[in-house]
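Here is how the chains run, residue by residue.
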Amino acid sequence: MTSLENQIRNSARKFLEDGQVSCVIGYERDARGRARPAFIVKADDTERLIWDSDCSLNLVNYLHSRKSPPGKDQPIPKTAVVVRPCDVRAIQLLINEQQLKRENIKIIGITCAGTDINHQLRTECEFCQERIPLIYDVLVEPEKPVELPASQDAYADIEEMESWSSEERFDFWTKEFDRCIRCYACRQACPGCYCFECVAEQVDPHWTSIALEVPEKMFFHVMRAFHLAGRCVGCGACEAACPMNIPLGKLNRKIAKEILELFGYHTGDNSENLPPLVCFNPDERLKI
Amino acid sequence: MLEEMNILTNPNLATITGITDLATNIKLVQVQLDDPGVRKNFKYSPGQFAEVSVFGVGESPFGLASSSDRGDTIEFAVNRVGTLTEALFRLDIGDQVGVRGPLGHGFPMEDFKGNNILILGGGIGGAPLRPIIQTIFDHRKDYGKVTILWAARSPDLLVFTNEYDEWRSQPDVALHLTVDKATEGWQHDEGLITALIEKSKPSPENTITVTCGPPIMIKFAMLTLEKMGFQPKQNWVTLEAKMKCGVGKCGRCNMGGVFVCTDGPVFCFEEVKQFLESFV
Amino acid sequence: MPNQFEPKIVSFLCNWCSYAGADLAGTSRISYPQNIRIIRVPCSGRVDPLFVVKAFLDGADGVMVLGCHPGDCHYQQGNYIAQRRYSIMHRLLEFTGIESERLFVDWVSASEGKRFAEVVTAFTERVRNLGPLPLIGTKKLSKEKFQEVAS
Amino acid sequence: MKVTTQNKINEWLAGFLQKSVVIAPVETEGKFVYRQIEEYSQIAWDFERTDMPPKTAVFPMTEPILYIEQGSKTILKNPPLPKNKIVFGVRPCDARSMLALDALFINKEPIDPQYAHHRESVTLIGLSCPQMWDSCFCTVVGGAPNSTDGLDILITKVGDHYAVQTFTEKGTELTDKLISEEKDLAIPKPVLTENLPTLQKSGEWMELFNNIFWEELSQSCISCRACSFVCPTCRCFDVRDELTAFRPGVKEFERLRAWDSCTAAGYRRIAGGHNPRDTQNKRLRNRFYCKFAYYPDDFGPLGCVGCGRCIDACPAGINILEVITRVEQMTEREKVNG
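Chains as they are written, first to last, in our numbering: chain A, 1 to 288; chain B, 1 to 280; chain C, 1 to 151; chain D, 1 to 338.
Take the hints with a grain of salt, since some may be wrong.
[To be verified] Beta-carbon label-pair distances, calculated as ranges:
#, chain 1, residue 1, chain 2, residue 2, range
1, B, SER278, A, LEU262, 24 to 34 Å
2, A, LYS14, B, THR183, 23 to 33 Å
3, A, LYS101, B, ARG80, 50 to 60 Å
4, C, GLY71, B, SER278, 29 to 39 Å
5, A, PRO75, B, ASP21, 17 to 27 Å
6, B, SER200, D, PRO80, 54 to 64 Å
7, C, ASP23, D, SER20, 10 to 20 Å
8, B, GLU205, A, ALA31, 28 to 38 Å
9, A, LEU148, B, SER278, 50 to 60 Å
[To be verified] One side of the interface only, derived from the structure: several residues of chain D facing chain A at Cβ under 10 Å:
#, residue
10, PHE47
11, THR168
12, GLN219
13, SER223
14, GLU242
15, ALA245
16, PHE246
17, PRO248
18, VAL250
19, ALA258
20, GLY317
21, LEU321
22, GLU322
I should point out that these hints are in silico values taken from the structure, not numbers from a laboratory.
Don't be surprised by glycine CBs; every beta carbon is placed ideally from N, CA and C.
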């Protein structure tokens, strides 16, 4: 057992024993050795909690099902959640959007060395300069601090694609979306996607057909990426959830790159600033 | 070209011949099938339903509110709640729709013969019960006493108000009305249908009950009937569910292993009680 | 050329400035290409990027969004919001392989009838040169493909 | 036993490609899916179990079921009949899944004409599995890596050669054109995964319907549709009219049917908002009960062939095999206690 896991278990146990939370959302290992979300309600079950590089979902997503009172005259349940630095930004986002209240969440923050998708380090993690969550109630620390990667261009892959011709890019995405099965796993795994009814499923107004064909799939992914403009925290849960290995994160990273360039905004820095696309500056003139 | 006898994909074309206001946001739409041969063979029993297409919008199931014995036009009630019903509201006399059916099983009217009948209708749920009332009146001697308990949220939501006089004029028929919330001038009961059941004190002896309404109303009506001594096998209900194909393929309307479309929509409550999933 | 490609262009015009500008172009008898299909909207800020993507999905080769000049918005801030949105949308479309030249956002006031005609002419020419939108190609392509597999 | 070589099979396939539609597993970015191919070289031979099932050949993700032309009169047309298709490289579990689909779409009245046409048009050429792969559990649900159910032809790799078995007239006819020799060849037994659970009968599942297990299991379910969309036996569909052309006075629509899944949140929501399956718990439970209780009771075969795709696809690690194991354990416990 690694010491990180010990720390997670101990803090989870303490939160539960002290009655500070009614549930700890973390990871456990399934029969085949993969990490999967675990909902721990008993202190003795905290031994199931684990941490490794396979923990690539964003557990903040599960807080949506615990953000309102379970019944009449009942309080909002208090929950502890195991999160990476990028996941914490999603908490900031949801507090900003008045979905969550800080006092209802206990944050078990991980000092993160990066996580994998399909046994490969995520692109974001290769460049990530933020190894300690911005906010936390408990910080899980390794014996040796995580070494920061040499400061490089975090958007190198995006820039490479930008250098392609329109046609090449179009072919790239057509090929990727051909594989998409429109299962909506990306959307369902995303903490920022919490509309009651998604435009992809809305009947009235009717935005897109139910067909599982490339144009419809492209429509869905482009719209989803745009709805997350200035809201995506780059946690990679969409890519981790995708059963067809589509590099969806590239769309979000492209937008994040532009937003950083144009507005100097990085999602989740705090829970007060408005995202750039819902506010404006009368003196600014942008190239459109 | 259209393959014949393809009940799953091919609707029969029909033309709207009448639209009447039943209640606030509820209309009774009357259609006639275009093909005379199809029209002649379109026989159905009370409680069956049809999938009605508004072309370009889609298809939805509607309980048939007319009686096959009374003519070859088909009637169904439309409550403006969603996209398809909204589209139906925009149609006019002479417009074409599609009709797939008749689908599902109706009430076993033969087995009901010789019994007193207690009819409980809630809101638009009264529509699929109308053919039962019509069938009983057309064969009045075959059935015993008929009690109709008609409920709605408010007086403006009661359906078939213009037929009440005709119903009352039949021998041995009692009609009681109730609304959840009365408005000025309302002369009948106020309160839930469960209170009306208790008040009208129906005798379980030799009696069959048929109920249609929102799931929650069915649930409590059944509890009240049970309290008053009715056995589940005396009570019949017709259920609603989201459906696409209407013939047991699309998998949308199952309640446990039972499909509302093919095994229902009419069920004996004894059966419903054994469903794994709750209908509410 | 007899078979010259005629692009389909959907244009969203703000009710207060650009739509009035289009009106002025008409009443002043200034001609402009017939390729545009005008949709009147209350404000350029009302034009959800969803509309634009939907227009492309349904067969538009180009989309125009015209609003009031900065500072002139009838609702104070609509065009500023639109400006921010479309600056991002532009770049996202470009990234997915839909040439960003197919989306045109500009400001045309009620008095700029002549300018309206110029803008429309220039944009139509631009889209004509780009040719049909590949997205429709795939839509057709995948339709054919699936016709083959399905039928 | 008919025995042939890789080259001969390639030639054979090249022959088909000239006149009919051939659907075969291809690799795209590490994922194996069935696609119509133009050359035999596109076929991926080196796959374990494809990521998407060949169900798409008989039950496409999207297909029109009706063309509607609405002018002064409404004209309805059915889509053209499907062309004959050869589906190559079908794993035995996927062939069994088609039998399960047949039970619902064809053997139960009324026949689904769209599906029936597709089914009639396909010839299934199987490729047996030398072993049960990582997430496979076909033996739990009555299958085997070398099962022949539902196949027209089964090809098994034996050393450098391929053994060819035929089971239907269609299959025999096709293999006539395959150059092969008669040889005595022992087909090696596939390697089976051991210590798998025993699937309980539907009655046992029914007993556990209200067990708290389902609620605990579904906590991590994110209500996506991945499990159903990679499943070779899931068959729920949605139907909607889509506008395809518009000219003065005339509108053309396609009535499309596309895959849908009972795990999606809005699946049972009716107009007006009532949703009888309003929680993740009820939805996920329905998926398992459909497979192991309702489907066999209503239509005969199980609604699961043990391909294990949903285990690999689930983002939250919900494992159908674990569910089967837990149901077995709970049933045994009930027996001891009761």
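Cross-check of the supplied hints:
Evaluation of the 24 to 34 Å hint for SER278/B and LEU262/A yields a failure: the beta carbon distance comes to about 53 Å. Look at LYS14/A against THR183/B: about 59 Å separates their beta carbons, and that is not inside 23 to 33 Å. Between LYS101/A and ARG80/B the CB atoms are about 38 Å apart, so this pair departs from the stated range of 50 to 60 Å. For the pair GLY71/C and SER278/B, the beta carbons lie near 60 Å from each other, so the given range of 29 to 39 Å is not met.
Taking the beta carbon of each, PRO75/A and ASP21/B are about 47 Å apart, not inside 17 to 27 Å as hinted. Judged by the Cβ atoms, the range 54 to 64 Å given for SER200/B and PRO80/D holds: they are separated by roughly 60 Å. For ASP23/C paired with SER20/D, a C-beta distance near 59 Å fails the hint of 10 to 20 Å. Distance hint check: the CB atoms of GLU205/B and ALA31/A are about 59 Å apart, inconsistent with the given range 28 to 38 Å.
Between LEU148/A and SER278/B the CB atoms are about 55 Å apart, so this pair conforms to the stated range of 50 to 60 Å. For the restraint placing PHE47/D at the interface with chain A, the shortest Cβ-Cβ distance is roughly 15 Å, beyond the 10 Å limit, so the hint is violated. Taking 10 Å as the C-beta cut-off, the interface hint given for THR168/D is violated, the closest approach to chain A being about 31 Å. A distance limit of 10 Å between C-beta atoms decides the matter here; for GLN219/D the minimum to chain A is near 4 Å, and the interface restraint holds.
Among the interface hints, the one on SER223/D holds; its C-beta lies about 6 Å from the nearest C-beta in chain A, closer than the 10 Å criterion. This hint holds: GLU242/D has a C-beta 4 Å from the nearest C-beta of chain A, less than the 10 Å allowed. At about 14 Å, the closest approach between the beta carbon of ALA245/D and any beta carbon in chain A exceeds 10 Å, and the interface hint on this residue is violated. Interface hint status for PHE246/D: violated, as the beta-carbon distance to the closest one in chain A is roughly 14 Å, over 10 Å.
For the restraint placing PRO248/D at the interface with chain A, the shortest Cβ-Cβ distance is roughly 22 Å, beyond the 10 Å limit, so the hint is violated. A cut of 10 Å between beta carbons decides the hint on VAL250/D: the least distance to chain A is about 20 Å, and the hint is violated. A hinted interface residue such as ALA258/D counts as satisfied when its beta carbon comes closer than 10 Å to some beta carbon of chain A; here the least separation is about 4 Å, so the hint holds. Here the hint on GLY317/D is kept, as its CB sits about 3 Å from the closest CB of chain A, short of 10 Å.
Checking LEU321/D against chain A: minimum C-beta separation of about 8 Å stays under 10 Å; hint holds. Taking 10 Å as the C-beta contact cut-off toward chain A, the hint placing GLU322/D at the interface holds, the least distance being around 6 Å.
When the structure is compared with the earlier hints, violations turn up for hints 1, 2, 3, 4, 5, 7, 8, 10, 11, 15, 16, 17 and 18 and for no others.
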